[in-house]
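Trainee: Protein chains in written order, with my numbering: chain P, 1 to 273; chain L, 1001 to 1295.
In short, the hints are calculated from the structure, not lab data. Fair warning: this is a prediction, and the values are worked out from it, not measured in the lab. Virtual Cβ for every residue (Gly too), placed ideally from N, Cα, C. Check the hints yourself; a few may be wrong.
What the hints assert, rightly or not - Beta-carbon label-pair distances, calculated as ranges:
id	chain 1	residue 1	chain 2	residue 2	range
1	L	L1162	P	S228	19 to 27 Å
2	L	W1008	P	E61	51 to 59 Å
3	L	H1046	P	G216	23 to 31 Å
4	P	Y137	L	L1009	25 to 33 Å
5	P	G101	L	P1208	34 to 42 Å
6	P	H178	L	F1050	48 to 56 Å
7	L	Q1201	P	A49	46 to 54 Å
8	L	P1063	P	Q217	30 to 38 Å
9	P	R104	L	D1194	45 to 53 Å
10	L	L1138	P	Q217	15 to 23 Å
11	P	R4	L	M1141	24 to 32 Å
12	L	A1052	P	Q217	33 to 41 Å
13	P	Q217	L	L1162	27 to 35 Å
Unchecked claim - Far from chain P, some chain L residues (derived; all Cβ distances over 10 Å):
id	residue
14	Y1132
15	A1191
16	H1204
17	D1237
Unchecked claim - Some chain L residues near chain P, calculated using beta-carbon distances under 7 Å:
id	residue
18	A1007
19	L1018
20	A1019
21	F1022
22	A1029
23	L1032
24	F1034
25	P1112
26	T1116
27	H1137
28	A1178
29	G1255
30	Q1257
31	W1259
32	T1265
Here is what each chain is made of, one letter per residue.
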Amino acid sequence: MNPRLAKALINGLLLGAAAVALFPLLWMLAVSFMPPGTSNALPPPLWPAHPVLGNYRQLFEQAGMARYLLNSLVTSAGIALVSLMFNLMAGYAFAKLSFAGRERLFRALLGLLVVPAQVAMLPLFLMFKYAGLVDTYVGVMLPGMASVLGIFLVRQYARGLPDELLEAARIDGAGELHIFVRIILPLLRPVVATLAILTFLTAWNDFMWPLIELTGQGHYTLPLGLASLAREHTEGTEQMMAGSVLTVLPVLVLFLSMQRHYLDGLLMGSVKG
Amino acid sequence: MTGSRAAWLFLAPALLVLAVFFLLPVLGALALSFTDYDLYALADLHNLRFVALGNYWMLLHRPQFWAALGHTFYFVVAGVPLSLAASVGAALLLHSPMARCKAFFRTALFAPVVTTAVATAVVWRYLFNTKYGWANHLLGMLGIHPVDWLGDPHWAMPTIILFAVWKNFGYNMIILLAGLQAIPGELYEAARIDGASAWRQFRHITLPMLGPTLLMVSILTVSGYFQLFAEPYVMTDGGPLESTTSVLYLMYEDGFQWWNLGVATAEAFVLFLVMFAATAAMLRLSRSGQTGDEA
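Produce the entire structure from the sequences given, and follow the hints as far as they go.
Mentor: Encoded structure:
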C-alpha cells in the first residue's frame, strides 16, 4: 500500500475510534448543562444553547447528591488507605521475610483469585446482619481492606529490593518494624502510588457489594444513588447526566493526573503467569 | 525465631481480612446452598432445614435459571470476541510507527475503562433512547428505521454488549500494546527482507508472539463477562421479558428481593463452576493447539 495512504488510514481510524470512545462522555457533559427538557428534541442537540448549572444545584438540594458524594469519598478513601497499609505489610513479608510455608501460602492466596467475589456476598451479608454491620460505612469497607492482587503487586515490586540493605540494617540492630517503616516504605513509593490509585478507583466504581450492604439511602455511594434515580425514572435526562458527571469526573480526573502509575499497575497485575 | 515471628505479624492483618471476609463466607456459601435459608429462617434460625442438593436439583428444573444462564452465555460468547477484536485492532493501530499523537489516542481510548459502569450505562440508556437518542438519529441519517434498542427483547442484549465493548476494550488494549512492544523488531526486519507481506507478518510473527498474552487476556475477560450485573440492573432492569436477566441478576433478585438465600447461593456456586470449567477448557484448548503446531 502507498505509505501516505496507509498513514492517512491509520490516523483516520484512530481518530474515529477516539471519537467513539469520547462521544458518550462529552455528550454527557454537554447535556448536563442544558435546561431541563431541552435535550429531548430532534435533531438531538449537541451543545447547550443557554448553559445552566440548575441540574447540579437540583441534585445537591433535592436528590441528596452531596450526601452520596461524601459517602463515596469516605468509603473509597478508607478502603484505599487501610488496604494499602495491609497489602504493603503482607506483600513485603512474602517478598523479603522468611517463614515456614511461605511459597505454599502465597500460592494458596493466588488460588483465591479463581473464586468470584459474588460467591461470598450473600453469606457476608448474613454475617454482617447478625453483627449489626448492615448499612454502615464499616460494612462497606471491611471486605475491601486487603486484596490478593494488591499483595501480589507489592510482592513483585519488593522482590527487586536488594537484600544487603536489610542485612546491614539488622546488623546495626534495627527492629523489623523500624526497617519496614524507615527503609522499605520509602523504596516502595512507586508501588504505593500505583496501588493507592488502583484501589481508590476500584472502590469508587464498585457497585454490587455496596448495593447489597447499604440498605438505606443515607449511606448510599454515588453509583447507588445514581442507579436508584435511574430506576425511578423521575429525573429528567439533563439531571441524570449531571449526576453521571458527578460520579465519573472525580475518577477521570484522578486517572488523568496519575495516568502513568495507573497503567504501570495494570501491566504489573496482568503478568501473573 | 524472631524473624519468622515478625513475618507473621506483618501478614496477620491482611490474612485476617481475607480469611474472615472472603474465605469464611465462601465456605459459608457452600453450606448455605445446602439449606432452605429463606425469609422464615431470616426471622428465626429454627426454621432452617438441611436440603442437601435440593436447591441445585431445583435449579436444574427451573426454566428461569436456564434462561439466565443462556443470556449470560450469549453475553460472553458474543461480547468477549468483539471486545478482544476491538482491543487487538486498537493496539495494532497505536503500535503502528505511522500513528501520530500516540499518547493522546491511548488516553482517549482508555478513558471509558476508568469511568463508573453505572454512570456510563445511564448515559448509554439515553444515547440509545428510541425517540431522542443519537444512535437512532445516526441510523435515520442513513435512512434506517429507528430501533427500540432497550425495549425490544431481541435488541436489549446486543445493546448491552455494545456498551460492554465500548467500556472495556481499552483495558486489554493496554496489555496487548505492551505485548506488541515486547516483540523483537529483528523478526519483522528478517520477514521484510524475505519479502513477507504485512498480512503474513501479522499472521506468522505478531499473532504467535502475542499468543500467551492473548490467552491470558481472554481468560480474564471471559471471567469478567460471566459476572454481568450492573449493566442490566441500570439499563434494562433485567428486561424486556427477562431477556437481559443474567445469572448474577437472578441471584440478586432471589437473594435480596425474595430472600431465598439458599437458592441464591446455589446459583452463585453454579456460576463459579461454569466459570471454572470455561477457564480450564480455554487453557486446555490453547495447550493442545500449541502441541498441534509443533507436531
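Trainee: Now look at each hint and say whether the structure bears it out.
Mentor: Hints, one by one, checked against the model:
no.	hint	verdict
1	L/L1162 / P/S228: 19 to 27 Å	25 Å, holds
2	L/W1008 / P/E61: 51 to 59 Å	52 Å, holds
3	L/H1046 / P/G216: 23 to 31 Å	28 Å, holds
4	P/Y137 / L/L1009: 25 to 33 Å	27 Å, holds
5	P/G101 / L/P1208: 34 to 42 Å	39 Å, holds
6	P/H178 / L/F1050: 48 to 56 Å	53 Å, holds
7	L/Q1201 / P/A49: 46 to 54 Å	51 Å, holds
8	L/P1063 / P/Q217: 30 to 38 Å	35 Å, holds
9	P/R104 / L/D1194: 45 to 53 Å	49 Å, holds
10	L/L1138 / P/Q217: 15 to 23 Å	37 Å, violated
11	P/R4 / L/M1141: 24 to 32 Å	30 Å, holds
12	L/A1052 / P/Q217: 33 to 41 Å	40 Å, holds
13	P/Q217 / L/L1162: 27 to 35 Å	31 Å, holds
14	Y1132	5 Å, violated
15	A1191	16 Å, holds
16	H1204	19 Å, holds
17	D1237	7 Å, violated
18	A1007	4 Å, holds
19	L1018	5 Å, holds
20	A1019	10 Å, violated
21	F1022	5 Å, holds
22	A1029	5 Å, holds
23	L1032	6 Å, holds
24	F1034	13 Å, violated
25	P1112	6 Å, holds
26	T1116	5 Å, holds
27	H1137	6 Å, holds
28	A1178	5 Å, holds
29	G1255	5 Å, holds
30	Q1257	12 Å, violated
31	W1259	10 Å, violated
32	T1265	5 Å, holds
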